[in-house]
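Trainee: If you read the sequence shown in our numbering, its first letter stands for residue 1, the second for the next number, and so on.
Rather than coming from a laboratory, the hints here were simulated on the basis of the structure.
There could be a bad hint or two in this list.
In silico SDA-like links for lysine to any residue, alpha-carbon gap of 20 Å or less [stated by the list, open to error]:
1) Lys-184 to Leu-88
2) Lys-184 to Thr-59
3) Lys-91 to Lys-215
4) Lys-218 to Thr-174
5) Lys-61 to Ile-73
6) Lys-101 to Thr-174
7) Lys-45 to Ile-73
8) Lys-172 to Ile-115
9) Lys-232 to Asp-89
10) Lys-75 to Glu-212
Quick list of the computed label-pair ranges, beta carbon to beta carbon [stated by the list, open to error]:
11) Val-50 to Thr-147: 21 to 27 Å
12) Val-225 to Asn-162: 30 to 36 Å
13) His-230 to Lys-161: 38 to 44 Å
14) Gln-108 to Val-163: 19 to 25 Å
15) Trp-46 to Leu-105: 32 to 38 Å
16) Gly-155 to Lys-223: 33 to 39 Å
17) Glu-63 to His-182: 32 to 38 Å
18) Gly-155 to Gly-54: 24 to 30 Å
19) Asp-113 to Arg-165: 27 to 33 Å
20) Asp-113 to His-182: 34 to 40 Å
21) Lys-91 to Asn-181: 23 to 29 Å
Ideal Cβ positions, reconstructed from N, Cα and C, are used throughout, including at glycine.
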Amino acid sequence: MYFCNPVNHLSIRCFCMRRSSYFYTIFLTSVLLFTSFKPVSGQEKWKLSVDRDGIEVFTRKMEHSKIKAIKVICKLEATPSQLVAAILDIKTCNEWVYHSKENILIKQDSPLDLIYYSKVAVPWPAEDRDYVVHIQVEQHPETKIITVNSPCIPGYVAEKKNVVRISHSVGKWTIIPLGKNHVKAEYMLEVDPMGDIPAWLTNLFATKGPLETFKNLKVHLRKDVYKKAHFKQISD
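My request is simple: use the sequences and hints to build the entire structure.
Mentor: This is the structure:
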């Protein structure tokens, strides 16, 4: 996949491209769970990229972007409240979200409405990325389907030295109750990771992060702290 000239400076350039693709996988996964999605017309159909361990990862080209959009579908052994509790448990995000480095709760207006800061660990030579997110959870009164909308908030906190601030990402998490402590989780993402990252290369690796995150999430949901999770605003 990499065509490196023996000349030293070209070899270094090739190495950096590998690192850039690795960064995008990490960043994409970390932001994936916490951003609001707005569909765009004229898009191509989803193409299945990975189907492993009950986790399906799809990609598709975007109309005005070199970076592919991503959709993940997976059935999870959890009630709707248990999954929502895990998503909103900001302090433990680094235990299951791939390469999540730092997560700080800034403000919480209600059990299902909060703002938090997150930093994503990125391998050298790329710089770490960070973003501020406003999470809001809603459940449809008739279908009982839950949506997690959480857009990035540009300018909410001061930017930090040697960290690239993410200002644009759109995604949506949909949680469909299946009964008997099972849900179907689906989420989609379009994101601008900022910086000079070769899109043709990063798209080759964009499925690894979501796959690892969902594997971790399956294990994370078994923790005792979530067994009795319940929100009065959510009907399980």
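Trainee: Each of the hints needs a verdict: does it hold here or not?
Mentor: Going down the list of hints, with the structure as the test:
| no. | hint | verdict |
| --- | --- | --- |
| 1 | Lys-184 to Leu-88 | 18 Å, holds |
| 2 | Lys-184 to Thr-59 | 19 Å, holds |
| 3 | Lys-91 to Lys-215 | 19 Å, holds |
| 4 | Lys-218 to Thr-174 | 16 Å, holds |
| 5 | Lys-61 to Ile-73 | 18 Å, holds |
| 6 | Lys-101 to Thr-174 | 25 Å, violated |
| 7 | Lys-45 to Ile-73 | 15 Å, holds |
| 8 | Lys-172 to Ile-115 | 16 Å, holds |
| 9 | Lys-232 to Asp-89 | 17 Å, holds |
| 10 | Lys-75 to Glu-212 | 15 Å, holds |
| 11 | Val-50 to Thr-147: 21 to 27 Å | 24 Å, holds |
| 12 | Val-225 to Asn-162: 30 to 36 Å | 34 Å, holds |
| 13 | His-230 to Lys-161: 38 to 44 Å | 42 Å, holds |
| 14 | Gln-108 to Val-163: 19 to 25 Å | 24 Å, holds |
| 15 | Trp-46 to Leu-105: 32 to 38 Å | 34 Å, holds |
| 16 | Gly-155 to Lys-223: 33 to 39 Å | 35 Å, holds |
| 17 | Glu-63 to His-182: 32 to 38 Å | 35 Å, holds |
| 18 | Gly-155 to Gly-54: 24 to 30 Å | 40 Å, violated |
| 19 | Asp-113 to Arg-165: 27 to 33 Å | 23 Å, violated |
| 20 | Asp-113 to His-182: 34 to 40 Å | 26 Å, violated |
| 21 | Lys-91 to Asn-181: 23 to 29 Å | 24 Å, holds |
When each numbered hint is compared with the structure, violations occur for hints 6, 18, 19, 20.
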